[in-house]
Amino acid sequence: MNITEYILYKTLYETNASSGSTLRDIWDELFTISTQLSELNSNAKAIAGQSRAAEARRLSMAIFAAIDTVEPCLIDACERLSRAIEAEYPTERRRNALS
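For the sequence shown, position 63 (counting from the first letter as 1) is numbered 92 according to this note's numbering, and the numbering increases by one without interruption.
One should not assume that every hint holds.
What the hints assert, rightly or not - Simulated DEER-style distance windows between Cβ atoms:
1) P101 / A73: 15 to 21 Å
2) R86 / D57: 33 to 39 Å
3) S67 / R109: 18 to 24 Å
4) A116 / T61: 21 to 27 Å
5) M90 / E115: 37 to 43 Å
6) E117 / A91: 35 to 41 Å
None of these hints come from the bench; they were simulated from the model.
All of these numbers come straight from a predicted model, not from anything done at the bench.
All C-beta atoms in this analysis are idealised placements derived from N, C-alpha and C, irrespective of residue type, glycine included.
All chains, please: the whole structure from these sequences, using the hints.
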């Protein structure tokens with residue numbers, strides 16, 4: 030776990046109990062999506078090493094199909110996270126925290 034993941038973990042898992050489970054579920058989903066994107070990145074690197082064009086095209090299409098599946102999930106999870114944060118920390122409280 031890198032420092033960014035640790036900070037997110039501390040922030041999301043150790044927030045007030047009223048929103049903790051919601052944020053925890055969203056965190057778990059984002060972590061799963063992040064893992065999937067890492068796998069896609071590895072596959073993309075594998076394509077670069079392919080000597081056969083047909084195989085490279087097949088792998089490219091598989092990666093694009095996977096991205097089409099993952100992207101809406103990522104957008105949805107980010108929107109849910111944003112709504113959960115807004116519910117937990119009203120605008121005035123967030124504004125005060127930034128100043």
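Cross-check of the supplied hints:
{"no.": "1", "hint": "P101 / A73: 15 to 21 Å", "result": "holds (20 Å)"}
{"no.": "2", "hint": "R86 / D57: 33 to 39 Å", "result": "holds (34 Å)"}
{"no.": "3", "hint": "S67 / R109: 18 to 24 Å", "result": "holds (22 Å)"}
{"no.": "4", "hint": "A116 / T61: 21 to 27 Å", "result": "holds (23 Å)"}
{"no.": "5", "hint": "M90 / E115: 37 to 43 Å", "result": "holds (38 Å)"}
{"no.": "6", "hint": "E117 / A91: 35 to 41 Å", "result": "holds (39 Å)"}
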